Amino acid sequence: MKPRPEPSFTSSMRAPSQVMRLARLGSFHQCRLSFMRILTRRMAREAWSFTRPIFDIDAKGVGHAVYCAHTPDRTYSLVAFAHDLPAESRSDRVIAQAWDSTFALFDGVPTKEDIARLRRNVPLQEAGRVTETELSVSRANRSVRLWEHVIARLADGRQPDLHEILKVGYLMRTTAVYGSGKLGAADREAIAARPECSAPFQIEVLSVFLTRAYVRDLVQHMAKTRGGARAVPLAPEIARRMGIGNSTGLGMAPFLLNHPTLINNWIAARETAIARVRSVPLASADEVETFRDLLARTILSVDLWRSDHPIQIEKLTDLRVDLQRLSHHVEAADLNTEAPWNRLFMWAETELCLEAQECLASLMLEPYGDLVDSLADEMSDLNAAAFRIDGTMSVAQLREILHRNYGWAMDIDWAERENCARAWYVSEEKLEPRLGERFDEHIADYEQPLAPGRDAAALNDALKSWHVDAPIAAFLLAHPEHRHSVRRAQIVDHAPYAEIRDNTISADLLPIDMLRCKLAFFGATQFDPRSDRWVRICLFGNAPYPENLQESNCDDWPYPVLGETLQ
Amino acid sequence: MTHSLNEIEAQSRKAARGTGLSWGMAEEAAKATRWLESHQLPGVRLLAEVLTRNDGVAHADIAPQTLDAPWTARSGVLCPLASGAALNDCADRLATGHHIEMEDVTSPLLIVPFAAWAALHICSPVRVQWRDIRIETDGYRIWVNDPKAQVGLASKVALTCSRVSEMNENASLPELRGRVCPTGWDILGTFAHRTYAPDTPESRRLGAGAGVSDND
Numbered sequence: 056m057k058p059r060p061e062p063s064f065t066s067s068m069r070a071p072s073q074v075m076r077l078a079r080l081g082s083f084h085q086c087r088l089s090f091m092r093i094l095t096r097r098m099a100r101e102a103w104s105f106t107r108p109i110f111d112i113d114a115k116g117v118g119h120a121v122y123c124a125h126t127p128d129r130t131y132s133l134v135a136f137a138h139d140l141p142a143e144s145r146s147d148r149v150i151a152q153a154w155d156s157t158f159a160l161f162d163g164v165p166t167k168e169d170i171a172r173l174r175r176n177v178p179l180q181e182a183g184r185v186t187e188t189e190l191s192v193s194r195a196n197r198s199v200r201l202w203e204h205v206i207a208r209l210a211d212g213r214q215p216d217l218h219e220i221l222k223v224g225y226l227m228r229t230t231a232v233y234g235s236g237k238l239g240a241a242d243r244e245a246i247a248a249r250p251e252c253s254a255p256f257q258i259e260v261l262s263v264f265l266t267r268a269y270v271r272d273l274v275q276h277m278a279k280t281r282g283g284a285r286a287v288p289l290a291p292e293i294a295r296r297m298g299i300g301n302s303t304g305l306g307m308a309p310f311l312l313n314h315p316t317l318i319n320n321w322i323a324a325r326e327t328a329i330a331r332v333r334s335v336p337l338a339s340a341d342e343v344e345t346f347r348d349l350l351a352r353t354i355l356s357v358d359l360w361r362s363d364h365p366i367q368i369e370k371l372t373d374l375r376v377d378l379q380r381l382s383h384h385v386e387a388a389d390l391n392t393e394a395p396w397n398r399l400f401m402w403a404e405t406e407l408c409l410e411a412q413e414c415l416a417s418l419m420l421e422p423y424g425d426l427v428d429s430l431a432d433e434m435s436d437l438n439a440a441a442f443r444i445d446g447t448m449s450v451a452q453l454r455e456i457l458h459r460n461y462g463w464a465m466d467i468d469w470a471e472r473e474n475c476a477r478a479w480y481v482s483e484e485k486l487e488p489r490l491g492e493r494f495d496e497h498i499a500d501y502e503q504p505l506a507p508g509r510d511a512a513a514l515n516d517a518l519k520s521w522h523v524d525a526p527i528a529a530f531l532l533a534h535p536e537h538r539h540s541v542r543r544a545q546i547v548d549h550a551p552y553a554e555i556r557d558n559t560i561s562a563d564l565l566p567i568d569m570l571r572c573k574l575a576f577f578g579a580t581q582f583d584p585r586s587d588r589w590v591r592i593c594l595f596g597n598a599p600y601p602e603n604l605q606e607s608n609c610d611d612w613p614y615p616v617l618g619e620t621l622q
Numbered sequence: 411m412t413h414s415l416n417e418i419e420a421q422s423r424k425a426a427r428g429t430g431l432s433w434g435m436a437e438e439a440a441k442a443t444r445w446l447e448s449h450q451l452p453g454v455r456l457l458a459e460v461l462t463r464n465d466g467v468a469h470a471d472i473a474p475q476t477l478d479a480p481w482t483a484r485s486g487v488l489c490p491l492a493s494g495a496a497l498n499d500c501a502d503r504l505a506t507g508h509h510i511e512m513e514d515v516t517s518p519l520l521i522v523p524f525a526a527w528a529a530l531h532i533c534s535p536v537r538v539q540w541r542d543i544r545i546e547t548d549g550y551r552i553w554v555n556d557p558k559a560q561v562g563l564a565s566k567v568a569l570t571c572s573r574v575s576e577m578n579e580n581a582s583l584p585e586l587r588g589r590v591c592p593t594g595w596d597i598l599g600t601f602a603h604r605t606y607a608p609d610t611p612e613s614r615r616l617g618a619g620a621g622v623s624d625n626d
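Sequence lines, in order, name chains A and B.
The first sequence runs 56 to 622 under our numbering.
The second sequence runs 411 to 626 under our numbering.
If we strip away everything but chain A, and leave its shape as in the complex, we get (with noise of 0.2 Å):
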């Protein structure tokens, strides 16, 4: 490889006033640091194979199957269970208690008794038991429509409509993927020191790759069993246009506020490979071919993408102008001469929607696998030490911190009803996240932690009466209520966009902006809200299968292939 000029100016990062507010997270597009794609990378670099020992299902479609991927150095087996569940049992929501399939991901190849001890708890989900040996549990609901569709035509020796496949984009979609000890399985210190564990939830994404692959599979059985003879396999074609479905609501949400220094890493990772990127001198032509050629295939993909949600329907509709305009500008604009990333960008924040200016970040960085796919490496938590407080950090040092990184919150009266509408809690019922009303419910002594804006301004009014001098120990002997927001507060100094800069608790708080930062992290497309509190995405939409990972440039999967669309 030529080494790259050096740059003549650098950018720097931008800064997290800018980046960690709410309308811009909630706009993030997948990018190669997508969790995704990093798995994707590490197969086919790797050469990953794939085999399936065990598909035991009869003809109502009730059975078990088993998926492996051999990485070089070990295995790991997807123990899928289908079910044959009756319609009024299927719901979306994590609470429900019956699935159309259940799934582990084991570490290593599954003995007969392992089979048999999965079988007795990974259906029963929650109310069931793993152990040490399991990495993932997880379930999947059927689409109803698209998969009745798929079999009819299949077992009649048609291919399905694509037409009716883009409309949903998934035969499957999960409610849950639960890793990192959850229900009794491994936690994620386990298996952190893998390399294929290094990058965050890589396990997760493995379940839900191999778990793509066993829906297509049960889909051709089924249809083999409906049409015998006549029936026919999917073409690959189309069947590389499904991807997993997964519908996410509030439990996910807190997770960005519960892992400061995690989030941190995700979002300062993406941050300097932009800063990286705008930092490039000059751009090759195969670098402006690349990207336009990306450029060209998004729209596309966000002509696909379909919501009905006002909120988002509005939001694609600004995105599929400021794309035109974003195509049209770089027709025109010299990419050939110094910086051409910057002053793209530079561009796009003076002239673009959000969503627009965050889909272009991600698209500048697909040129530039060598500047930015070793910050995979960079974004777990590995500091467990985080959480200690410096007790000998003197109150006018807090204070300073505080009102450099929650000024926005000082600037927020949160007596004002709607400052602080909201409350976080878990319901008896499912020990599950909600979001209620603070004024029409009883739940304010049921509050989680969720509102580090309007804890870290109180927390900066009782500093007040403090001698500026004293240790921070001191003052937290007297005011052990306040101990959750002095640690963040020195995460914050330390992990700059370790906090989101935006109320949490407001009565306009829209909880699918924080799904969708974590969501696009995971590398999701076709982000689909439901409400303001439930989104459906897509994973591994047009994503190779297992044995087509060899395939060349097996990387760009997200982005559809031009000319491919609607014949």
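Just so you know, the hints here were simulated from the structure itself, not pulled from any lab data.
What you are looking at is a predicted structure, and each value in this text was computed from that prediction instead of being measured.
Glycine residues also receive a C-beta, built at the ideal position from the N, C-alpha and C atoms.
Any given hint could be a false lead.
Said to hold, decoys possible - Away from chain B, derived, C-beta distances all over 10 Å, residues of chain A: (1) 214; (2) 216; (3) 287; (4) 352; (5) 386; (6) 393; (7) 469; (8) 483; (9) 498; (10) 536; (11) 610.
To be verified - One-sided excerpt, in silico: chain B residues whose CB lies under 8 Å from chain A: (12) 414; (13) 532; (14) 533.
Claimed, not checked - Restraint-style ranges between C-beta atoms, simulated for each label pair: (15) A/549 to B/574: 24 to 34 Å; (16) A/611 to B/411: 37 to 47 Å; (17) B/476 to A/470: 28 to 38 Å.
Starting from the known structure of chain A, arrange chain B on it as the hints suggest.
Structure of chain B alone, referenced to chain A:
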């Protein structure tokens, strides 16, 4: 049956909050419990005992009154969680060779995780000792000298924490699962339950995330 360390931490955090600890204290109580269980020490049982004893008691009654030596509580009995958190906050004192002394602290083993984090911070092993018991940790490994098998007792003791130059070479490493005391686990579950808001038809309608049907 074993538990994952994340399960132990999550249950402990909710339980601590359920008995009235601040969120920040609850977080540290939970990490302390996790740390002990990872060393196959009875974190869950001791946390259940401490939370039961101090259920609803004000922090100011059971925390060190000041950070001047030796530490004592207004009520006469120090809580190991409040004292441990203060110990970790003041870890730099250990680096300079100072001892931290506590009078009448209950369930003293719960102090050890906080001392362990202090050891990580000052990059030196520390020793925690009370009665005949001596424990050394560098934050990661632990060595326990407990000739009378009293390390898990809840009774109150005078305790000293200090820096040491070297760890005992027989120190043991943490494990990745916890074998928790079932009774203690159930007690934590009862306390944790207090953090859940009772459901009402209104909360079901307003608060939940998704729709009910998935038949589309």
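Hint check results:
no., hint, verdict
1, 214, "22 Å, holds"
2, 216, "17 Å, holds"
3, 287, "26 Å, holds"
4, 352, "28 Å, holds"
5, 386, "40 Å, holds"
6, 393, "47 Å, holds"
7, 469, "17 Å, holds"
8, 483, "4 Å, violated"
9, 498, "5 Å, violated"
10, 536, "5 Å, violated"
11, 610, "32 Å, holds"
12, 414, "3 Å, holds"
13, 532, "11 Å, violated"
14, 533, "11 Å, violated"
15, A/549 to B/574: 24 to 34 Å, "29 Å, holds"
16, A/611 to B/411: 37 to 47 Å, "46 Å, holds"
17, B/476 to A/470: 28 to 38 Å, "34 Å, holds"
Hint compliance for this structure: hints 8, 9, 10, 13, 14 are broken, all remaining hints hold.
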